[in-house]
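Undergrad: Chain by chain, the residues run as shown.
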Amino acid sequence: MPQTSDLITRDDYFIGRFTAMACPCEILISTNDKKTAIHALEIAQAEATRIEQKFSRYRKDNIIFKINNSNGTTIEVDEETAGMLDFANQCYELSDKKFDITSGVLREIWKFDGSNNIPSKQQVMDILPRIGWNKITWENPFITLQRGMEIDLGGIGKEYAVDQTTQIIHKTITDSVLVNFGGDIATLSPRKNNTPWLIGVDDPENTGRNALGQIPLLRGGLATSGDARRYLLKDGIRYSHILDPTTGWPVPDAPRSVTVVANTCLEAGMLSTFAMLEGNKAKEFLQAQDVQFWCA
Amino acid sequence: MKSIKDKLSIATCTLLTGGAHQAQAIDNAWDLDTSYLYYGEADDRVTVNKAIANLSGDITDNDRVTINLVLDTMSGATPTGAVESETSSVTFSSASGAGGSTATGGAPDIADFSDTRLGFSLSWEQTISRLRKLTYGGNLSVEKDYHSYGANATLNQDTEDRGTTYTAGLAVTYDEIFTKTGGTPDPLGRVEDGVTFGDGERYTYNAIVGVSKVLNKKTVAQLNYNITYSDGYHTDPYKVISEVRLVGDSETNAFAFAETDRYYESRPGSRLRHALFTSMAHQYGEKGEVVHLSYRYYFDDWDISAHTIDLTHRTPLGLGRYIEPHFRFHMQSSAEFFMHSILDDGSPLPEFASADYRLDQSTGYTIGAEYGQPWKGGNLRIRLEQMEQNFEDAEYDENSALIFQVSYQKLF
Chain A
0 MPQTSDLITR
10 DDYFIGRFTA
20 MACPCEILIS
30 TNDKKTAIHA
40 LEIAQAEATR
50 IEQKFSRYRK
60 DNIIFKINNS
70 NGTTIEVDEE
80 TAGMLDFANQ
90 CYELSDKKFD
100 ITSGVLREIW
110 KFDGSNNIPS
120 KQQVMDILPR
130 IGWNKITWEN
140 PFITLQRGME
150 IDLGGIGKEY
160 AVDQTTQIIH
170 KTITDSVLVN
180 FGGDIATLSP
190 RKNNTPWLIG
200 VDDPENTGRN
210 ALGQIPLLRG
220 GLATSGDARR
230 YLLKDGIRYS
240 HILDPTTGWP
250 VPDAPRSVTV
260 VANTCLEAGM
270 LSTFAMLEGN
280 KAKEFLQAQD
290 VQFWCA
Chain B
0 MKSIKDKLSI
10 ATCTLLTGGA
20 HQAQAIDNAW
30 DLDTSYLYYG
40 EADDRVTVNK
50 AIANLSGDIT
60 DNDRVTINLV
70 LDTMSGATPT
80 GAVESETSSV
90 TFSSASGAGG
100 STATGGAPDI
110 ADFSDTRLGF
120 SLSWEQTISR
130 LRKLTYGGNL
140 SVEKDYHSYG
150 ANATLNQDTE
160 DRGTTYTAGL
170 AVTYDEIFTK
180 TGGTPDPLGR
190 VEDGVTFGDG
200 ERYTYNAIVG
210 VSKVLNKKTV
220 AQLNYNITYS
230 DGYHTDPYKV
240 ISEVRLVGDS
250 ETNAFAFAET
260 DRYYESRPGS
270 RLRHALFTSM
280 AHQYGEKGEV
290 VHLSYRYYFD
300 DWDISAHTID
310 LTHRTPLGLG
320 RYIEPHFRFH
330 MQSSAEFFMH
340 SILDDGSPLP
350 EFASADYRLD
360 QSTGYTIGAE
370 YGQPWKGGNL
380 RIRLEQMEQN
390 FEDAEYDENS
400 ALIFQVSYQK
410 LF
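These protein sequences, in sequence, are chains A and B. In terms of numbering that gives the first Met the number 0, the first sequence opens at residue 0 and continues consecutively. In terms of numbering that gives the first Met the number 0, the second sequence opens at residue 0 and continues consecutively.
These aren't lab readings, by the way, just hints derived from the structure by calculation. The model shown is predicted, which means the values in this text are computed figures rather than measured ones. Fair warning: there could be bad hints in the mix.
In silico lysine-lysine, PhoX-like type, Cα no more than 20 Å apart, as pairs [as the list claims (entries may be wrong)]: (1) B:Lys132 to B:Lys6; (2) A:Lys170 to A:Lys191; (3) A:Lys53 to A:Lys65; (4) B:Lys1 to A:Lys282; (5) B:Lys1 to A:Lys280; (6) A:Lys134 to A:Lys65; (7) B:Lys212 to A:Lys96; (8) B:Lys49 to B:Lys143; (9) B:Lys375 to B:Lys409; (10) B:Lys286 to B:Lys217; (11) B:Lys4 to A:Lys280; (12) B:Lys375 to A:Lys134; (13) A:Lys34 to A:Lys191; (14) A:Lys110 to A:Lys233; (15) A:Lys96 to B:Lys4; (16) B:Lys4 to A:Lys282; (17) A:Lys233 to A:Lys120; (18) A:Lys96 to B:Lys217; (19) A:Lys33 to A:Lys191; (20) A:Lys170 to A:Lys33.
Generate coordinates for the entire structure from the input sequences, incorporating the hints supplied.
TA: Structure (structure tokens):
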């Protein structure tokens, strides 16, 4: 499939667009030089595609597939994957076991399609033994999964791709570039004349049409967790798509959406995800982290 | 609620800056290597159980310390140097002479012993500049009948391209040698007389110069010259030598040694040793097999010269596992004062004499293999080897031993 991209010219910047990781990707390049803009766009698209191919759980030719189909045998992973797994391990500990890359199997019973299709208690009980990072043997660079278990780096991959892309572009292009992959955003420098990039925060009640506010971003990362369109509704109860891997059930009273500004997109993404997993304590959690955030 | 932001920032930074940070983390880690070794000679001769712990780590960016602890328990029986007992006409009191604190059951030509050795060493490696390192060390070893104290310093200098490393080092050791009953026996004094002198002392001075060179991406070669001078008591206070007469039947040509007397051995008061060591490691093949070959030539002023060849070949088996067969060959000539026994023909006793099989002309080989694999976040190694030795003139002309070692190394 040929990979397509668009370049749009604005007054003092260019917008490059393509699709990767199942979401619209956008980079804003603060330059008047079209060649520079094209170059930045090429780098971004190549890196986003590389990371998607390497860590997507939907492919059959990558390390994730190899690990998830290892049938209890030990797999040796490359340095980058090892870095991701080390990071996932740290997130598991920092989130008090709530952020768990083995929780993806819950999707077999939870399908967030706006319906009232809630799994039975028995279905949830049956799937729990297949979840738990602590059941995995991770001795860098060797990983051993128990049969029936799976890992999914989707909760890290997009934010990681944003930061990686930002860094790679920064190595070759001096102009400021803002990377935005489906709402996960990072930049390493302010625009010309030291002006910040302005980022609109989406209103989950009125998604795509109404901005809750505008965030000026000089440098750093921004990420949003939560998706207003992904939920289940039964007997008047709204079930959010944030699942607690320790119970197998949606986190009660989780905010619809959390947006965090931090040093990097990855850090912002993890803080917003951890906040969602805290449920009704999300705000309290974010206040303790001393970061700029929006909780809706 | 607690803040996790700082820890998360560090974790994020580590992931986003990639391998460089991880490699540094490993450099700074503490490395603990523990191992158990069993050495057992055939025919219930010497058995050694050894526990080894080695801990090293960086205390600052430029200083690395290594602490090594060894605990040996040795027991069994070892040839004393005397001829086999059935031919002896000498009454031999094992308690006063041979090896053990109270030797029980050992024949006079072979003595029971048991001992425990505790060894401790500490070294401190200092990075002086990008290309220069200085290592100081001290070591101490204590047994019931042996104390040893040593100090050393080594300088390593890399060339600008880091392709060559020059090494120069000096070491001094002071040893105290005595029997468990105290003192040392009169050299070439009659065992029966039991004359005892004071403790033995020995000073040893060692110098090493060497060069190691990266020949290409996959080959490293090394050359060392080592000179050691020692001054003082070199005799083994437990070893004896028999005075014998040849008895036999000239008709049938069947001769045997009949022991007429027995003396404590005597060795010279100094020794000058030289060793030239060269080795080469080469990696090849798709799996990254490594062949390691070394040769050592040794000679000293006791007339011993020796050649040792050592060959290992490591084959990676995937997932960090490997198998490494090992072969070693050793041959040496005898010391000028080594003799099977002193002939009782009325001539005066020699100045120096020893029947210790370790000073005899010999050939020996060791064959075995090591297997390694990652385990519980560290590395596990298991080694099994068989050693065979043949001696030219010694009363006990064969020795074979089984060596088993299991080691576990982990970074913290």
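Undergrad: Hints numbered earlier in the text: which of these fail when held up against the supplied structure?
TA: 1, 7 and 18
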